[in-house]
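Taking the hints into account, I'd like the entire structure generated from these sequences.
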Amino acid sequence: MAEEMRVLLEYADKINPESADEYVKVGGYVGLEKARQMEINDLIQEVKSSGLRGRGGAGFNAGMKWSFVPKNAEIKYVVCNLDEGEPGTYKDRIICEKNAQALLEGMAICGRAIGSNQGYIYCRGEYPFTVKLLKNAIQSAKELGALGDFNIEVRMGAGAYVCGEETALIESIEGHRGEPRFKPPFPGVAGLWGVPTVVNNVETFACLPSILTKGSAWFAGIGAAKYPGTKIVTLTGDAVNTTFFEVPTDYILRDVIYKLGGGVKGGKKLKAVQVGGTSGSFIPEQNLDTQIDFDSMGAIGAALGSGAVLVLDETRDIVDIVTRISKFFEHESCGKCNPCREGTFRCREIMEKINAGKASQKDIDNLLLLTRVMQKAALCGLGQAAPFPIQSTIKHFAHEYARKIV
Amino acid sequence: MIKLTVNGREIQVPKGTMVLDACQQAGADVPTLCYDPDLKLAGSCRMCVVEAKGRPNLMAACVSPAENGMVIETESPDVVESRKIILELLLARHKLECHTCEKDGSCKLQDYCYRYGVTDSRYAGQGAHFGMEDPNPFFKRDYDKCIICTRCVRVCDEITGAQAINVKERGHHAKIATVFDGKLDDSSCVFCGQCVMVCPVGALTSKVSAGKGKSYQTQNVLTTCTYCGTGCTFELNVKDDHVVGVTSVRESEFSPVNKGALCVKGRFGWDFIESKERLTTPLIRENGELRPASWDEALDYAANKIKAIKEKDGPDSLALFSSARATNEENYLAQKLFRAAIGTNNVDHCARL
Amino acid sequence: MTNSINELEKDATAIFVIGTNTTDNHPVIGYKIRKNVRFNGAKLIVADPRRIELSNIADVDLRFRPGTDVALVNAMMNVIITEGLEDKDFIANRTENYEELVKVVEKYPPQLVAQICGVDAEDIRKAARIYATAERGSICYAMGLTQHSTGTDNVKTMCNLALLTGNLGKPGTGVNPLRGQNNVQGACDMGALPVVYPAYQAVTNAEVREKFEKFWGVPLSPNNGLTIPDVVDKAHHGEIKGLMVFGENPMVSDPDLHHVGEAMDNLELLIVQDIFLTETAMKAHVVFPGVTFAEKNGTFSNTERRVQRVRQAITPKGDAHQDWQILCDLSNRLGYPMNYSSPEDIFAEIRKVTPSYAGISYQRIEKTGIHWPCPNEEHPGTPVLHGEKFNRGLGLFHAIEFKEAYELPDAEYPLILSTGRSLFHYHTGTMTRRSSALNEFMPSNEVQVNPETAARLDIVDNEMVKLITRRGYIEVKTHVTEMVPDGVVFTFFHFSEAAANVLTQAKCLDPVAKIPEYKVSAARIEKI
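Chains as they are written, first to last, in the numbering used here: chain C, 1 to 406; chain G, 1 to 353; chain B, 1 to 528.
Be a bit skeptical, because a hint or two may be false.
What the hints assert, rightly or not - Derived DSSO-like pairs: lysine-lysine, alpha-carbon spacing no greater than 30 Å straight-line: (1) B/K367 to G/K212; (2) G/K168 to G/K183; (3) B/K367 to G/K103; (4) G/K214 to G/K259; (5) G/K108 to B/K367; (6) B/K156 to B/K170; (7) G/K239 to B/K367; (8) C/K71 to C/K48; (9) C/K183 to C/K48; (10) G/K310 to C/K353; (11) G/K307 to B/K234; (12) G/K259 to G/K239; (13) B/K389 to B/K10; (14) G/K40 to B/K10; (15) B/K35 to B/K10; (16) G/K95 to C/K353; (17) G/K95 to G/K53; (18) G/K53 to C/K226; (19) C/K71 to G/K15; (20) B/K234 to G/K305; (21) C/K183 to C/K14; (22) G/K310 to B/K507; (23) G/K310 to B/K214; (24) C/K327 to G/K175; (25) B/K156 to B/K88; (26) B/K283 to G/K310; (27) C/K214 to C/K14; (28) B/K283 to G/K305; (29) G/K175 to B/K35; (30) C/K358 to G/K103; (31) B/K234 to B/K514; (32) G/K214 to G/K84; (33) C/K183 to B/K10; (34) G/K40 to B/K35; (35) C/K395 to C/K353; (36) C/K183 to G/K84; (37) G/K276 to B/K283; (38) G/K95 to C/K358; (39) G/K15 to G/K259; (40) B/K466 to B/K527.
FYI, nobody ran anything at the bench for these hints, they're computed from the structure.
What follows is the structure, encoded as structure tokens:
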């Protein structure tokens with residue numbers, strides 16, 4: 001593991017993640033203390049200058065996001081997105097299990113920056129043990145007085161993928177159906193219960209303590225210039241070492257798979273990699289020498305997303321896999337907007353038809369037309385991104401489709 | 001003021017104006033299904049998508065605030081393609097029976113399919129089917145025609161305040177339901193039919209009007225409700241000199257009290273007008289029985305008796321119960337009849353009852 | 001209403017609803033109140049013996065014993081005065097007789113009244129504070145307040161409360177009776193009352209009478225006429241010989257139907273003008289077929305005094321005639337010529353003798369109705385009354401003592417019976433029971449019984465029982481529900497086959513308004 005660069009996971013398995021005392025002993029809560037002594041504007045500027053961009057998938061500059069929050073609002077909230085629903089993604093769980101106090105500290109720093117004393121962690125329903133861990137961690141931090149007047153509550157999701165979308169997440173915390181809201185207004189202006197709310201990913205919050213402690217310049221100097229810092233990737237599928245790694249963001253995909261991941265299992269050839277979870281594009285072998293930062297991935301028509309890396313070896317049936325993925329999106333569409341509600345259903349129907357060898361080129365044309373409209377016209381990221389696996393595989397693996405068409 | 005360009009036309013709108021309204025102001029007719037000016041925005045049907053130059057995705061005009069310098073196209077190839085596909089997706093699950101549908105002629109789905117030349121759907125396949133399950137006598141729920149625009153959900157919550165329905169299940173299987181998906185009668189539904197009023201398709205239609213005439217066959221007459229004292233206004237739908245329904249007028253100019261909202265009696269309690277039990281001829285009691293009579297006979301009978309009683313016992317031995325249901329004009333004449341023609345102040349009506 | 005309906009949705013910051021189940025009886029007004037409370041944060045006080053729909057969103061829900069309205073509201077005023085929450089400027093500038101009010105109200109401290117009314121004293125205080133401290137407080141009531149032997153006292157007490165807190169003359173305030181019938185306001189405005197001509201001009205006022213004599217061209221009676229209950233009584237005694245009933249159905253709507261039936265049978269002449277052969281028409285000597293609202297032109301005046309158009313949509317059924325024409329034809333035969341070309345022609349005459357309608361014309365209300373008073377064609381109408389001054393000048397406080405209802409429960413009749421309306425029917429059911437959907441949905445009457453009462457009587461939900469008072473009994477099915485409190489039962493009056501008014505009493509009416517006490521009768525239930 002020599003090539004990893006551990007910042008967030010520096011003390012993984014060396015300290016008890018629930019214990020604020022142990023965290024403090026390794027330099028924890030120094031960043032928050034520093035933040036408290038800074039002017040608000042300087043604090044936000046410091047985070048902006050670090051170049052930290054959202055690790056949930058959208059890649060928006062965190063400090064910039066905070067700066068949109070109206071200063072004069074009486075009540076504001078900090079919300080942590082721990083609804084880690086992308087299949088193959090578990091980095092947020094790992095951060096909690098290895099370094100929960102850093103998440104809490106990061107949220108409190110954000111609270112300081114935007115003038116909020118209430119945070120919520122929205123934890124996915126499949127992580128009940130994480131909820132327990134976080135509650136203990138919050139208790140420990142409170143007992144130590146580390147969070148000051150910043151209060152954090154943990155709310156649990158009920159298993160809906162779409163609740164990873166920040167506005168659907170907010171609806172869910174409010175007790176409503178998990179359905180996304182239209183934007184604007186953005187949560188920064190009108191979020192949870194209608195008041196300004198910053199929603200950031202676990203990994204984003206967890207970066208903050210070290211940025212404050214070691215300085216924005218230090219952080220900005222790590223990895224890719226436009227997407228600095230480290231990124232935790234979770235390797236799954238047909239790789240040898242299917243586990244998590246923390247690497248600088250200028251690390252290339254090939255090295256994730258072949259150096260850290262030990263290559264493809266059984267010495268087989270690699271067929272494709274899907275990065276960023278189920279809604280990610282499929283990347284062919286020839287694009288593996290791409291840095292894993294947000295912009296480099298975008299340049300090859302893929303997305304870093306949550307940082308999941310799914311390796312598929314040469315024996316895998318791409319059409320079959322995409323059919324399963326389309327079933328996943330049909331199941332997870334909330335049903336609010338027409339293009340996604342009906343589109344994901346029809347995508348699955350057509351993919352099944354193709355996979356069963358009953359489709360014609362006309363069906364593929366119809367499918368491409370449908371996915372184009374979903375991408376352009378759906379309300380939220382789910383419907384806009386659900387087409388990516390279909391579109392990217394039809395583009396890069398056309399022959400696999402051709403084989404199944406009548 | 002905000003300056004923007006819609007279909008090449010530069011316009012100015014006040015800050016806070018939505019792109020949809022700006023388009024309307026610029027003379028562009030942007031289609032909508034889930035949008036209702038009196039309800040909270042949903043932004044979900046995506047029919048109103050328009051293209052804004054420089055943005056990667058289309059924007060839903062109804063929920064997008066107009067911004068300075070925006071360049072909007074409302075019928076660009078991308079926009080038209082999206083609307084056609086959205087219509088095809090809706091058609092793929094829509095029970096197409098326009099020939100017998102109550103909403104034929106006033107259905108937005110039908111109108112837009114016509115407008116964009118969508119004859120059938122290339123996405124027709126399997127799909128969810130929802131039976132017509134509700135036994136209430138007021139309106140039919142045919143969810144095989146529902147397009148999940150949620151206007152019914154919102155109007156039930158925001159205007160009536162009954163909160164009887166919401167969306168159940170997710171994705172393609174989403175449907176409008178009461179709590180536990182039961183009968184409306186077992187929910188907090190008050191059968192006001194506001195949902196029928198806002199439904200843009202044939203999913204919710206009046207059972208009382210069923211089969212009696214389509215919207216383009218009726219003349220509509222604005223009038224005031226005959227029930228309680230609220231004074232709601234609505235339109236009586238008339239076909240071949242028969243009342244066949246009641247529909248809302250939602251503009252406050254014509255409906256200042258209720259803005260189209262009604263209750264179960266106003267919306268569904270009108271067919272007494274056409275009842276076979278209506279009195280259609282004067283009656284006179286003879287040998288203990290009421291028998292049909294001519295108007296002259298009946299009026300003479302009444303007038304002679306009144307005159308006789310007045311002569312014998314004086315005008316104060318006669319009295320009138322006038323009507324809290326009759327018009328001002330009729331009440332005026334009735335009291336004038338007793339005061340001036342007969343000579344008594346024994347005039348009252350059931351204001352206390 | 002002193003104020004207008006839409007103010008309840010937008011302007012009122014606190015609404016005190018007493019004796020009106022508005023979501024059932026004026027549903028659209030109910031929607032507006034609910035909207036204001038749910039979306040604008042208006043405070044809501046509900047005072048009703050029953051747990052009505054609005055109770056669910058009320059800040060204070062006072063489920064008080066039927067007939068104790070004066071005590072309850074006097075106690076609220078006691079709190080307001082004790083805590084100094086009264087509007088001193090308003091009292092000083094716009095009212096008189098305040099000292100008398102103070103003297104009476106002193107006798108009604110909340111802890112004492114709590115026992116009379118069966119509510120929590122703290123709730124009375126809370127309600128008083130909410131209403132008194134509201135920026136704009138509105139009072140809404142209906143027959144739950146008025147249909148008592150103390151109905152007039154009850155209404156005056158609500159006026160006291162509004163005067164005490166200055167909640168009059170501004171948008172979102174007022175004393176607002178929500179009237180139950182489409183044109184009950186208009187019928188009153190038009191002088192379909194025994195003591196006034198149109199626009200509430202007294203028949204006993206010689207000057208007024210002369211004006212009308214001149215206008216109508218005949219001498220007029222200087223004596224007050226008889227109210228409906230008095231007419232019924234006098235018909236019973238044989239003093240009233242002839243009665244014309246136009247669009248009413250006393251054989252279902254009036255108290256003590258046995259008594260009413262005997263009175264009708266005693267008449268030498270009963271003329272009924274209606275659209276159906278009603279229970280009253282069945283007793284008539286001559287019946288004139290009139291027309292429904294769908295077949296006529298004219299105007300209705302709603303509960304907020306807005307005069308709106310009624311338009312003819314279809315031709316009259318069969319040989320039915322326009323009601324105004326029938327009245328003219330009869331008058332002409334009586335030797336008093338009435339010749340009008342149309343309802344608009346009649347309205348033109350109304351404007352001349354009705355100062356509050358003088359500025360209203362069919363042309364002006366073609367689209368939007370106008371609130372009277374509207375004295376001239378330039379006047380926009382008056383949505384809010386009493387802005388500068390009251391009709392009599394200063395607002396008069398009335399010192400009112402609490403009096404118990406006439407017929408209280410006893411060992412033989414241990415329950416309190418209240419009657420009223422259902423959402424699904426209207427008045428005597430003449431129209432709604434012939435509306436297919438409404439009658440299918442609710443084809444028969446019910447008596448609402450609290451589960452504890454039911455348990456004591458060993459009756460269950462949906463069981464046919466005998467509901468009995470001193471006047472008689474009806475057979476009706478039970479609806480066991482917590483909507484009614486223990487010891488109180490409630491039934492609807494729409495159903496002639498199980499007519500609530502068989503049970504009600506006509507002996508003790510409100511002495512001023514002659515309104516019957518439909519909200520309190522002593523009753524008992526027997527198993528069948």
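Here's how the hints hold up against the structure:
{"no.": "1", "hint": "B/K367 to G/K212", "verdict": "holds (28 Å)"}
{"no.": "2", "hint": "G/K168 to G/K183", "verdict": "holds (14 Å)"}
{"no.": "3", "hint": "B/K367 to G/K103", "verdict": "holds (27 Å)"}
{"no.": "4", "hint": "G/K214 to G/K259", "verdict": "holds (23 Å)"}
{"no.": "5", "hint": "G/K108 to B/K367", "verdict": "holds (27 Å)"}
{"no.": "6", "hint": "B/K156 to B/K170", "verdict": "holds (19 Å)"}
{"no.": "7", "hint": "G/K239 to B/K367", "verdict": "holds (23 Å)"}
{"no.": "8", "hint": "C/K71 to C/K48", "verdict": "holds (17 Å)"}
{"no.": "9", "hint": "C/K183 to C/K48", "verdict": "holds (23 Å)"}
{"no.": "10", "hint": "G/K310 to C/K353", "verdict": "violated (92 Å)"}
{"no.": "11", "hint": "G/K307 to B/K234", "verdict": "holds (20 Å)"}
{"no.": "12", "hint": "G/K259 to G/K239", "verdict": "holds (24 Å)"}
{"no.": "13", "hint": "B/K389 to B/K10", "verdict": "holds (24 Å)"}
{"no.": "14", "hint": "G/K40 to B/K10", "verdict": "holds (17 Å)"}
{"no.": "15", "hint": "B/K35 to B/K10", "verdict": "holds (9 Å)"}
{"no.": "16", "hint": "G/K95 to C/K353", "verdict": "holds (23 Å)"}
{"no.": "17", "hint": "G/K95 to G/K53", "verdict": "violated (37 Å)"}
{"no.": "18", "hint": "G/K53 to C/K226", "verdict": "holds (26 Å)"}
{"no.": "19", "hint": "C/K71 to G/K15", "verdict": "holds (22 Å)"}
{"no.": "20", "hint": "B/K234 to G/K305", "verdict": "holds (19 Å)"}
{"no.": "21", "hint": "C/K183 to C/K14", "verdict": "violated (43 Å)"}
{"no.": "22", "hint": "G/K310 to B/K507", "verdict": "holds (29 Å)"}
{"no.": "23", "hint": "G/K310 to B/K214", "verdict": "holds (23 Å)"}
{"no.": "24", "hint": "C/K327 to G/K175", "verdict": "holds (19 Å)"}
{"no.": "25", "hint": "B/K156 to B/K88", "verdict": "holds (20 Å)"}
{"no.": "26", "hint": "B/K283 to G/K310", "verdict": "holds (21 Å)"}
{"no.": "27", "hint": "C/K214 to C/K14", "verdict": "holds (21 Å)"}
{"no.": "28", "hint": "B/K283 to G/K305", "verdict": "holds (16 Å)"}
{"no.": "29", "hint": "G/K175 to B/K35", "verdict": "holds (26 Å)"}
{"no.": "30", "hint": "C/K358 to G/K103", "verdict": "violated (38 Å)"}
{"no.": "31", "hint": "B/K234 to B/K514", "verdict": "holds (14 Å)"}
{"no.": "32", "hint": "G/K214 to G/K84", "verdict": "holds (26 Å)"}
{"no.": "33", "hint": "C/K183 to B/K10", "verdict": "holds (28 Å)"}
{"no.": "34", "hint": "G/K40 to B/K35", "verdict": "holds (13 Å)"}
{"no.": "35", "hint": "C/K395 to C/K353", "verdict": "holds (19 Å)"}
{"no.": "36", "hint": "C/K183 to G/K84", "verdict": "holds (24 Å)"}
{"no.": "37", "hint": "G/K276 to B/K283", "verdict": "holds (21 Å)"}
{"no.": "38", "hint": "G/K95 to C/K358", "verdict": "holds (26 Å)"}
{"no.": "39", "hint": "G/K15 to G/K259", "verdict": "holds (26 Å)"}
{"no.": "40", "hint": "B/K466 to B/K527", "verdict": "holds (6 Å)"}
When held up to the earlier numbered hints, the structure conflicts with 10, 17, 21, 30 and fits the remainder.
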